Every structure is written in structure tokens, then in C-alpha cells.
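4 protein chains.
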Amino acid sequence: MSKGKVCLAYSGGLDTSCILKYLIEEGYEVVCFMADVGQEEDFEAAREKALKIGALKCEIIDIRREFIEELCFPAIACNAVYENVYLLGTSLARPVIARAQIEVAQREGCFAVSHGCTGKGNDQVRFELAFYALQPNIKVIAPWRDPVFYERFVGRNDLLAYAAEKGIPVSSTKSKPWRPQHHPPADMWKLTQDPLTAPDQPEDFTLTFEKGVPVKLEYTEKGQQKTVTDSVDLFLTANAIARRNGVGRIDIVENRFIGIKSRGCYETPGLTCLRAAHIDLEGLVMDREVRALRDSFVTFNYSKLLYNGMYFSPEREFLEASITASQKSVNGVVRCRAYKGTVSVLGRYSETEKLYDMTESSMDEIGDFSPAETTGFINVSAIRLKKYGQMKAAAGEKL
Amino acid sequence: MSKGKVCLAYSGGLDTSCILKYLIEEGYEVVCFMADVGQEEDFEAAREKALKIGALKCEIIDIRREFIEELCFPAIACNAVYENVYLLGTSLARPVIARAQIEVAQREGCFAVSHGCTGKGNDQVRFELAFYALQPNIKVIAPWRDPVFYERFVGRNDLLAYAAEKGIPVSSTKSKPWRPQHHPPADMWKLTQDPLTAPDQPEDFTLTFEKGVPVKLEYTEKGQQKTVTDSVDLFLTANAIARRNGVGRIDIVENRFIGIKSRGCYETPGLTCLRAAHIDLEGLVMDREVRALRDSFVTFNYSKLLYNGMYFSPEREFLEASITASQKSVNGVVRCRAYKGTVSVLGRYSETEKLYDMTESSMDEIGDFSPAETTGFINVSAIRLKKYGQMKAAAGEKL
Amino acid sequence: MSKGKVCLAYSGGLDTSCILKYLIEEGYEVVCFMADVGQEEDFEAAREKALKIGALKCEIIDIRREFIEELCFPAIACNAVYENVYLLGTSLARPVIARAQIEVAQREGCFAVSHGCTGKGNDQVRFELAFYALQPNIKVIAPWRDPVFYERFVGRNDLLAYAAEKGIPVSSTKSKPWRPQHHPPADMWKLTQDPLTAPDQPEDFTLTFEKGVPVKLEYTEKGQQKTVTDSVDLFLTANAIARRNGVGRIDIVENRFIGIKSRGCYETPGLTCLRAAHIDLEGLVMDREVRALRDSFVTFNYSKLLYNGMYFSPEREFLEASITASQKSVNGVVRCRAYKGTVSVLGRYSETEKLYDMTESSMDEIGDFSPAETTGFINVSAIRLKKYGQMKAAAGEKL
Amino acid sequence: MSKGKVCLAYSGGLDTSCILKYLIEEGYEVVCFMADVGQEEDFEAAREKALKIGALKCEIIDIRREFIEELCFPAIACNAVYENVYLLGTSLARPVIARAQIEVAQREGCFAVSHGCTGKGNDQVRFELAFYALQPNIKVIAPWRDPVFYERFVGRNDLLAYAAEKGIPVSSTKSKPWRPQHHPPADMWKLTQDPLTAPDQPEDFTLTFEKGVPVKLEYTEKGQQKTVTDSVDLFLTANAIARRNGVGRIDIVENRFIGIKSRGCYETPGLTCLRAAHIDLEGLVMDREVRALRDSFVTFNYSKLLYNGMYFSPEREFLEASITASQKSVNGVVRCRAYKGTVSVLGRYSETEKLYDMTESSMDEIGDFSPAETTGFINVSAIRLKKYGQMKAAAGEKL
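Residue numbers (the working numbering), protein chains in the order written: chain E, -2 to 396; chain Z, -2 to 396; chain C, -2 to 396; chain S, -2 to 396.
Incorrect hints may have been included.
If several chains are the same, the list does not tell them apart, and a pair holds so long as it fits within one copy or across any two.
Calculated cross-link-like contacts (lysine to aspartate or glutamate; reagent style DMTMM-like; alpha-carbon spacing at most 20 Å) [said to hold, decoys possible]:
no.	residue 1	residue 2
1	Lys383	Glu37
2	Lys0	Glu23
3	Lys208	Glu317
4	Lys213	Glu80
5	Lys213	Glu66
6	Lys208	Glu314
7	Lys351	Glu80
8	Lys351	Asp230
9	Lys219	Glu67
10	Lys213	Glu348
11	Lys208	Glu394
12	Lys163	Asp120
13	Lys325	Glu314
14	Lys18	Asp230
15	Lys219	Asp230
16	Lys136	Glu105
17	Lys49	Glu162
18	Lys395	Glu66
19	Lys389	Glu207
20	Lys54	Glu105
21	Lys351	Glu63
22	Lys389	Glu350
23	Lys383	Asp354
24	Lys208	Asp143
25	Lys383	Glu314
Please keep in mind that the hints were generated in silico from the structure rather than gathered at the bench. All figures in this text were calculated on a predicted structure; none of them were measured in a lab.
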């Protein structure tokens, strides 16, 4: 008799294929679930495999638009970055994947959801915190944290043996771990061209932002001027430009939520370009103090909560109100260049925002502002520092 | 009769040459002062020019070591950056220049100091706040904020005419302003190679840090393995490597301290490399929470005070204590690559710091940590989020 | 011939009466302006005096509602406080006063506004920054910063002599300054009862908040249960209760915006009660992480900008979006007690918010949460600290 | 045969007495441990009871000095407070208690430590995180998280029955829980006088601080002037003064580390006085910007880590360096008054710090600062706000 229906996040790979079989053998009925967030994968082959192994069905859900509009765009709008370097690629995908999985689970009458995340990583946390917020009474089956499972499948060989025994076809080969002091093997990078072999000609493109969000991408393909405005198209095109120019490789040692350091090599080509352009535009159109407050508070905290899987939380709602408020004036155009691993900015302008004033900023023109007044500004700003200098001198301390 | 001695920050250019003459004509005796912070300049020619115009003397002070050790290294140690992009090159030089100028002024018996900064920029503020902290009763003569001066010399042509009249030789030609939407002209970049014409072969080098500060740079020159350890040598060598590979160009619209936006194109080649390597190493050796606190607080505020000219201040002392405390464990080695405008990290290790543990972080090995415990961690972390989910559901709101 | 019309912020006191006369003698036509923000003053007597001195007219504008609803309530909603102690009473009034004054100036066709603030204080900054944001081309006449004026009226005696000469009646007597080490004289406190002589019986009252803002105050007067809900009534009633019980005296040495320390003794009776009740209620109904973010960011920065006169600014708009977002759940009732200088909280509840759960929080009941799971939570939280302990032990350092 | 030695944190109460017996019955040898942090308890009676129940021994360790000097004083020095209200009394005691317990455990050869904390509270986390940092391989026995134990002893009656059966004398009576909307019962407060019945005469005293830490307390007892300088004496005397005047009651709903809200009523009489005096003194002697940075960063984070039990951590070391750096100038004297539930400040002065300057701050004296310069300060500060006003006007939006 069935122990009930479980919705399993399925990838088609060795781990989740074995987990699928295992759950079935344990007496569960399993509905497989796959999310399309733009990764290049043979979804149909995976579906077929799932059904062959014994899944009741395998649902493939296209959530690219939600992923891009609800997650990537706010991340760009607040220049999200974790530990100065990591652009949060996978962290951004997890909330929408979890939400789609819960929806499948509810539609299919599953009492539990399951996944193949290991017991030491961030993804288990991100998925499960999302599951619990979305459906507080959901059950979670996490085989890699269940001693019965992980003591039976101690290493990769045990999984391979099980797959062989159960007739599960295996294609992937295991990547060897390498130490943080070593350069990752060239074949580890899956999406981006090696900067060393990227085109010798730079590729220029133009991004238009409204309220901090990209709304138009203009570029040249085979000599033709092209324009994309749909958010999915725009994001995928930015990805493509960045990928062929080797932009967006990240290699770090990061601090996982559970307190372990790990080395990660990530590819976030499109995000890298969009974020760089967005940061640049803010210089032109954003008030200094709003930027300072946003920089010192929102960026860090929004990035941290995304990394730690706290997307479905009151604090995310709270911070998003700040992001929205900060981006009212972030309207304008940025011309960018991708070239051998870098994205740089060639220029920027805004039709609507007027904080920048070339005459005013020119060192050579007086404008409607009297330079003599700066003397008072400096002297008043110095009151406190003169006191400090006097105290230091009185104490015989050198500055 | 002399109105007294003034110490003028002199550059040899049109502005300060005219100011020098003007001050003499106004009845001051003028001691010129030039600071060597590593810029490539013909100091002797400038000295000769100053004396010819009528300076009492012209002091050239080498403050490269102070600049690098007291300013650049703490900036690297806290990953200083202003408005996400600007590495604070000139901001870092100002405090040591001001201090050297005050020392010259005191040695030469000057009652006042003078400079050629415009009345709209940051440098006037940085210099004068430093002057006032270092010698609270110093007088400052800022001709570009004195209506008598700036109404007489309204544009560059007035200066040129004055120079011609007074026999002051003029060499520099005026760069034309260009709009933020335009790419800066190629000849505007003085220090760095254009990434497009930089070498086709990447250049690798290795940096060693102790307590967050670079102490060794290993690189290859003409096939020879070289090592530098002196801080001035190290910094200049990092500069040279970065320059020839086009690393360190910055093009932004920034917010000046006085509240005006301006476009700036800066070159900070060496700093760019050293900062990138330092950030990377911190991932390996720094505790997560110390990093989070430092990132969300020290980096922003230290950068801001440097930008705003608040170096000689109680808050700088306060923040430097935090920087020092944060860098105790930042000991290790980073292998870097400069290539056509980018610096990237190839690998990193530390002999002394042990926070990273390859076995522990491996997804495939259990180690001395029980994955089952993560279930409790997740479930307790979810308590608050489940409440949130319940309240949202009760309110009929979608997550 | 008139130099034009000026709108003067008039108080009826010695300073602004002399300034009024002085401006008229200087050739201006002067429209006096007085704002009623709830202070107890004889506005009609002041108006009569202004007209007698020679004002064209004297406008008295009741802005109590704007003051309370637009300024005091957001301050309460974010628990605003400057330097841990000061509740920003006057800072809160300045923006609405400045706005009303600009409106009068515009209505009356004045080219300039004037005020009697000294050249060392905060109020000049608060008023003028507001003026300039509200009408960027307005002219400001600040006699206490005009050497012609302040060198003529060096001390109070000069003003008194001028008033006598011009027939300006003088009633106020000058309070003597006293040192920060001394208790302020008893007659310095104008609004609040001395706690030592306040009633021996505590006075209890009940405040209801919606979205962080007080909407109902229930109290007892002469044995009668009373209820006020209008925001002006509510605020004035809270003031009255606090005043008679000696609540709301503040005595500090504060840091003014221009960098000078000064001693201030303030009375903010009503705000003290409303803020204390609001903080208490947040404990019951606000999510922990939202509160932590708000506490570490919004409260400090909103208070600072109010203090520094930056109310009409992009950053205030930005921060108010955060305040609003943070207060969605701050709905509930707080029972309070005022007694001899203190306000304390007796209890609180909310009909709508459910984050608090008595069973869940009880140490003696298990609820739907398994205590065993906390073990995992603690052990995972300890991973990082164990590493730290190991490193300390290896280094021979004691914890 | 013994399962080994366990060091149990023992209180003499019902819970830990039952746990002691239970551990012995489970086969452990138990060394009891009690910490004297100044609480008024009959330690000898508790020791006798422990031995009677079967403890190998019972160690009573006086850690009042460590508690006061290592924990309370840094908390005062950074004005620590959790969620605006809670002064962290018990949080401050936990680290030193844990350290003393680990020392006893090591001295006595115990392989494990045990405690009677419940599975929902903060104290279990605080103790265990400290244990694990201090001795990463220690074992922890937490009966209230062990299903075998907590399913056997479901309520208080089960414990009472067990105690009766085992001959364990029981004295304490159970306090009933009460709801957050109700005032706590009068007998709940153990340390402090009810403000309503506290003396009708205020009690004044004088505190002297050096580097942010109290070093002298002067007060009057029976007409005699008294002075204490030893830190333990000083702290206990401050406690006594505050207690008899009803100062230091705290009643909040707080957010526990594990994400549950709970109501807490705490008494921290001495800390309340010392913290209030310290905050006041900082106004007189601390630089504005150092204070702003400390307020917006150190206070919040240090308080949070204390609350969450992260005392033995890299981030605490990091933050303490900031506290130390911030307190160099916090030297001076504060005169205070305790009266019917409140502590207030009567005055303050410093012999050594000179940031406050009465002449300078006087509104009526010019001093060596020219008021006219403030005009420049205001006008430059207004540049940004005028732009904002212009943009708002252009957009037809009202300020």
C-alpha cells in the first residue's frame, strides 16, 4: 500500500534518479518535477527517464519569466552581491523553483516534497525554508540527511551500483574535486567562453533601464542592429553576449549558511553585464544620500537573505519596499562593452533625470553657485576637526 | 613689505604657476611645495620653473612610502571603494600631501598654505580639512574661491594671457570636457594600456598577504622569476604589471562631497590588482560574521571618510581599529592573472589559517558532522517563516 | 522706496521684534508669520505687537495637524531618537513651520524669508534647507549671520537699548546660561511638572495603534472614562497626561549639525509616552528580522536627517517607504502608566496579529515543535565557533 | 559500571535536582557546579542537597568579578540593549558561567556537561555555543531536549512525583504564567522595590568613568558620604541603590534566538543606572561621528551577539576592538538621581576632555568662529536639495 504521494525535484542525474527509485521502493508514489529557469537541458529525455524508473508523472514547468522578473530584476535593482563577489545565480533560482514545486505538489495531492540536495550545502536550506513558508504543514523528505539513506549510499560508487542493479541509465561522469589553490579545470566552465579565446573584437551593446529594471537591449548581430524588450528575451540575449565574450566567471571561497567554507566556481554572464550597467547608471541619476543609505544597508541585507534562503520572509518584503523606493529615478541608457572577460561602460545618459549638470560640475565655469561659499562649508566642517587637532596636540600625539 | 610667507602646493602647471606669480604680486613670499607620491613627473623642471617665477624655494618631498603604507594599505585591507566603483586613488594621496605641506610650512615659517584647487571640487575640501586638523590655526589661501581672483581669471584664456604677460612658460594643453554619454578620448588615459591593445598573453603573478597587507609579489620578467617585498617596490611593480595589461580604468559619474555630480575617469592599476587579490583571500581565511560586519560597516564608512577628506579625524582612528581587528587572520597567498583589462584570481591558499577544510566542505563526504543535524537547524530557522506563511495564508495573500 | 517684501518668522520676543524693526529700517516691507504647533502662546498679543512695530501684516497659521500627522507620527512609528536620548521635539516642528512660512511668503509676494535664529544653532540650518528645497530660488535674510547686524547688536544689552529707543515693549527676561555639570534651575522647565511634586497616584491610560500610528487614547478624568481618537486631540491629551506626571524631561549634551557640542534641556511629554508604548507594541507584533533591520538602519538615519534639517530630501522619502513597510503589522493596544517622571507599560495585546503564541513560548509545554530539533540548530550554529575554538587552542590563546 | 563523569550546572531547584538524580540513575557520575554571579542564594544549602541526592561533589565558583569586569562593563561601554529595551542581564552572565563550568569539567575529568535549560529558550543556546567554542569536543547532555526524558517528565507534576519518590526535598513553588496583556503579579519582582512604594526622597549619587568604564561611585548612606572604587563593590552598590528606588524593571515581549516570541520580566537595577550615566557622559566627551558610527553599528551588533550566545566568537573579539577604540575619551563624572523607578542625570563634567566649550556653544557669544561662514555651509548643503526641489516642481509633485 502506498505511503502517499511525494513530489520530487528531479534533474535526470544520478542522485535524483537513485532517490526516485529509492522512494518508490520505500512505498511512496512519486511525482517528478523539473523547473526550466533557462538552463540548457534535455527536459524530455529526463522526463522519459523518470517515467521509466517509475514516476507517476514528470511535470516540467517553465518559470523563466518569474525567475527573471521576480528575482533577477530586483537583484539587479539593488546591485545584489554576496561577499563582494558572488552574484547569487543559483540563490536567485531557488525561491521560484520551490514555489513551482509546491504548486505541483498541491495540484497532485502530494503530502510531501523531496529533493536531492546534500546535507551540507545551501540549497537544502533555501528549498526547505521556502517550502515551509509557502505551505507550513508540508512534509520534507531529504534523503541525504536521512541516516538510513546516507549510510547505505556512502559514496558515488554505491549510487552507481544501485543504478546498475535497478537498470537506471547513467550518463554523467563525476567531476573531481580540486583545491582552492588550483585553477579550476577548463572543462568545468560550462556556459562561458574562456576569456583567452574569446573574440578579439569587443562587442558593444546598449541597455535601457526604467525604475532600475532593464527594459531594452540593443546590440548588433551579423551587422544588423537588433533590439529586444521582452524581459525573458532581454535576459537571454544579455546572457548570450556575455557568454561568448567570456564575461561572468566567478571563482571564490564562500561562507555557506551553515557555517562551512567552500570553494565555488560560478557563471553568471548576463547578470554580470546587467548589474554593471545598472551600477553605472545609478551614478548619473541617483541622489547621493539615497545611494549611500541603499549601499550601506539594502544591498548587503538583501543579498544575504537571498543567499540564506530567506526569500519568502517578512524581511524580504520589507527590503523590497526600500529597493522600489530607491529606484524611482533610475531611468536612462548605458552603453556597454564586452571584451575578453570584462564588461565595461562606454557612456550613459538619461532623458528624464537632471541631477547631473555639466555646467555645474565643470571646474572651469562658475555657474549659479558661488565658490566663495565653499569656504564657509569647509570652515564649518572643520570645527570638529580643529577641536580634535587641538586635543591631539595637547596630548602630544602626532596626527 | 612682505605680507608673510605662504607655502603653495605647486604642480608646475598653468594654474599654480599663475597663482604663484599672483601671490608674489599680492605681496607674499612663497615657498613652493611638491609631493612625490609616485606620479611620473619632471620634478626638477617644475622646481626650476617655480624659482624662475619667483618662489623663495621649492621643496620636493618624497612621500611615496607614507602614501603606500599609511593610506593605500589600509584601503586595501578594508577593500575601500566609493560608490561601488571608485578606488579612491587621489583621495588616498591627499592626507599625506597635506601633512607634508604643513610640515614644510612649519619648517619654513609660513603663516599660511595655499593651493590651486577649484571651488567646486573635492580636493579643496580634502586638503583644507587636513590642514585644519594638523594645524588648527593655519591660514588657507584658496585663490579659486576668492572673488578677486576668480573674477579676474574667468576662463583659461585669462590665465594664458596672464602667463604670457608675466613670462610664465606654458606647456600643457587643455583637455576638452566631454559628456558622460561619450567614451573618453583615448589620449585621456595616461597610465594604462588600452585593453584592446594590451598583450595577448596573460600575465600571472602571486601576492602574499600578512594581516591583510601585501608583503610579497612574485612575477616573471623576461622569463626570470622575480620577487619584491619592500612595500614601495611591491606597489610600483603591481602598478607596472596592471598598467601594461590595461587593468584599472574607472569611468564614473560620482557624487562630490559638496553635492554636485561629476564625471570622472581614473586609473588605479596597482590598487585594482591588490584589492581584488585581498578580497579573494578573505574568502579563504576570514570568519563569516567578522566579514559581514566589516562589509556592512567598515568598508562603506572608511571609504566615505577618505573620499570626503576626513582622514585626520576621530572617526578614522576609530575605524582603523576595526580594520586592524578584522585582518588578524588575513594571511595567505593569491595567484592572480592580469589580461586585457581584467585581473582575475587563479587560486589561493594559506599556511596558517585553517577555517577552510576541504573534507568538511565536500558534498560527498560526511566528515565529523552529522547531516541529520541540519534538519533541526532548518526546522528551527523555519519557525518564524512558518508563522509568516500562516499569517499570509490567513490574510489571503500570496507569497 | 521699498527693497521688497520679506516674510519674517516672528515670535513676539525681543530678538525677532528688533529684527522686524531693523528690516523695516533697512527698507523692507515685512510680513510677519507665526506658526501654531501647539505651543501655549498669546498669538493675538504677538500679532498686535508686530503690527505696532510696523509689520504689513502678521499671519498666524495653525499647523498642529500637519505637525502631528506628518512629523510626529512617523517619528513615533520609527522610534526616532537622536544620540540615544533626544526625542527631536523642535526638529519635528521645523519642516512644517518652514513650509507654512514659504506658503505665506508666496501668497504675499515676498522675495525673501527671514528668521531670528542664531548663527551657531541647528534651527537656522533646518529652516533654510527646508526653504531652499521648497523654493530653490528664495532669498534668505539671516540677520544673526550678517556682520552688519551682529556687530551692531553684540549682546543682549544692545538689543534692549534698541528696543527702548524704538519703543518696542519687552517682557521676557533673559535666562542665565548654566554649566552642563549643574542641574538646570527648576523654573527652566516650562511644560512638565517636577517629578518630585507630581501626583502620588499613578495615572493609567490605554493607547491603540494602527499601522504604527496612535489612533485611540483612553484615559480617566475625574472618575470618567474618556476616549479621544482625533490625532490632534490624542496628541494634546497624551501631552497633558505626561505633563502633569512629570514625564518627558530630557537633559543632554548634544552634537549640533555644525559640529559644536551644546547642552540642551527639552520637554517632550506626549512623544515620550507615545514612543514608549509604540516600542512595546512592536515587541508583540513585529517580525524579529524586520525589527532588526529597522532598528539598525531606519531609526538612526531617520532621526539623524530630522535633526540635521534634511526633511525635504530624497533620503527622507526613501526612508519613509521603509517605515511604512515596517509598520504594516503594528496593530494593537498598550496599557500604560505615567508616574512621577516615568512612563511604563502594564500590558499589551493585539486582536489581529498572531506572531506571539503563549503555548509556543511556554517553557513547560511542548507544542507542535520538537525540542530535539534545537539540538541540530545549536550544533550547526556551533560549526563555525568550534573552528574558532580549535584555532584559538592551536594558537595557545585563551577564550 | 559508570558511563563517565558529567558536570551538571546545578541550581538546587526542582528541575536540576531531578536531572541530577536521573543522570545518576542513568549510570553517570555527576559533579555539580554552581556559579556565584551575585545572585542571593543559599549556596551551601544547595551544595548539601546535591551531595545528598548523590553528586560526587558540588563546586561553587565565585565569578562575580569576571562577570562584572569582562561582561557587564563592556556592555555598559557600548550601551548594550536588545530590542530597544532589554539590558541583557542573564545573557551577560551565561558566558562566564559556561567558562567556569568547562573549567570544573576539565579539572574533574568530565567527558560531558549538562544543564537544565528547556528546549525552547535562549539559555540552552548560550550555554552550548560557549561550551563548544571553549572545548570543541565536549559532549552536552540536555535532558529537556532528550525525548526519553521530556516524554517521561511531561509536566511539573511528573517532576514532583519523581522528587517525592526519590526523596528529593522540594521548596520552590511554581509561578503561574500570565498573558502579555496583564501586569505581572507584584510578587514576581524579586530584586526591586515597587516604584509606588519606593522612598519619597530621591537618592543622588555620583559616578566616575575612565575609558567608558565606571571606576568610582560616591553616595550617601545614613548621612555619611561613601565612596567605592572596586568594581565588584561598585556594581553591587549601584545595584543596591537602584533596587531600593525601584529602578530597573523591564517588561517586554522579545524575540528569542530560535524565532519564538516570549514575554519576559527582568530586573537589571545596577546596569540601568550605569548605562544611563554612561550614555549621558558620552554626550559631553565623545566625538559626534565616532558616536554615530558606534551607535549605528556596534551597539546593535554587540547586543545581538550577546543575546544569541555568540560571546566566544571572532565577531565578539572584532566588536570589542571597536568598543575599546570608541571609549578612549569617555572620562568624566556624572551626577545621578534615582527616584521611584527612574534614574535621571543631574549634571556631568570632565577634567580631561575638552570637546564641549561653553563659550563656543553659547548662542549669545561669537567666539572665534564667524557666523557668516555658516551661510556657506548651509548653501553648499542645499545644492543637492535645491536640485531635488527643482525636480519635484518640474514633476508637479508637492513637497
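Now for the hints, and whether the structure bears them out:
In this assembly of identical chains, the alpha carbons of Lys383 and Glu37 never lie at most 20 Å apart, being 63 Å within a copy and 34 Å across copies at closest. Taking the shortest alpha-carbon separations for Lys0 and Glu23, only the intra-copy value of 8 Å comes in at or below 20 Å, while the best inter-copy value is 37 Å. For the homomeric pair Lys208 and Glu317, the shortest alpha-carbon distances inside one copy (13 Å) and between copies (18 Å) are both at most 20 Å. Taking the shortest alpha-carbon separations for Lys213 and Glu80, neither the intra-copy value of 29 Å nor the inter-copy value of 25 Å comes in at or below 20 Å.
Taking identical chains as interchangeable, the C-alpha atoms of Lys213 and Glu66 lie at most 20 Å apart only when both belong to the same chain, with a minimum of 14 Å there against 42 Å between chains. In the homo-oligomer, the alpha carbons of Lys208 and Glu314 lie at most 20 Å apart both inside one protomer (18 Å) and across protomers (16 Å), since each shortest distance falls under that limit. Proximity of Lys351 to Glu80 under the C-alpha cut-off of 20 Å is restricted to the inter-copy arrangement: shortest distance 19 Å between copies versus 33 Å within a copy. For a Cα distance limit of 20 Å, the shortest separation of Lys351 from Asp230 qualifies neither inside one copy, at 30 Å, nor across copies, at 43 Å.
Within a single copy, Lys219 and Glu67 get their C-alpha atoms no closer than 32 Å, and across copies no closer than 52 Å, so neither meets the 20 Å cut-off. With identical chains, the CA atoms of Lys213 and Glu348 are at most 20 Å apart within one copy only, with a shortest distance of 15 Å there and 48 Å across copies. With identical chains, the CA atoms of Lys208 and Glu394 are at most 20 Å apart between copies only, with a shortest distance of 17 Å across copies and 50 Å within one. Taking the shortest alpha-carbon separations for Lys163 and Asp120, neither the intra-copy value of 27 Å nor the inter-copy value of 49 Å comes in at or below 20 Å.
Taking the shortest Cα distances, Lys325 and Glu314 sit within 20 Å of each other both inside one copy (17 Å) and across copies (11 Å). Taking identical chains as interchangeable, the C-alpha atoms of Lys18 and Asp230 are never at most 20 Å apart, the minima being 37 Å within one chain and 63 Å between chains. In this assembly of identical chains, the alpha carbons of Lys219 and Asp230 lie at most 20 Å apart only when taken from the same copy (18 Å versus 48 Å across copies). For the homomeric pair Lys136 and Glu105, the shortest alpha-carbon distance inside one copy (15 Å) is at most 20 Å, but the shortest distance between copies (45 Å) is not.
Only within a single protomer do Lys49 and Glu162 lie at most 20 Å apart by alpha-carbon distance; the minimum there is 15 Å, versus 62 Å between protomers. Taking CA atoms no more than 20 Å apart as the test, Lys395 paired with Glu66 passes between copies only; the shortest distance there is 17 Å, against 55 Å inside one copy. Proximity of Lys389 and Glu207 under a CA criterion of 20 Å is satisfied inter-copy only: 18 Å between copies versus 50 Å inside one chain copy. For the homomeric pair Lys54 and Glu105, the shortest alpha-carbon distance inside one copy (10 Å) is at most 20 Å, but the shortest distance between copies (61 Å) is not.
With identical chains, the CA atoms of Lys351 and Glu63 are never at most 20 Å apart, being 33 Å at best within one copy and 30 Å at best between copies. In this assembly of identical chains, the alpha carbons of Lys389 and Glu350 lie at most 20 Å apart only when taken from different copies (11 Å versus 45 Å within one copy). In this homomeric assembly, Lys383 and Asp354 come within 20 Å of each other (Cα to Cα) only across copies, at 13 Å, whereas the closest approach inside a single copy is 33 Å. Within a single copy, Lys208 and Asp143 get their C-alpha atoms no closer than 46 Å, and across copies no closer than 42 Å, so neither meets the 20 Å cut-off.
In this assembly of identical chains, the alpha carbons of Lys383 and Glu314 lie at most 20 Å apart only when taken from different copies (15 Å versus 45 Å within one copy).
In this structure, the earlier hints numbered 1, 4, 8, 9, 12, 14, 21 and 24 are contradicted, and the remaining ones agree with it.
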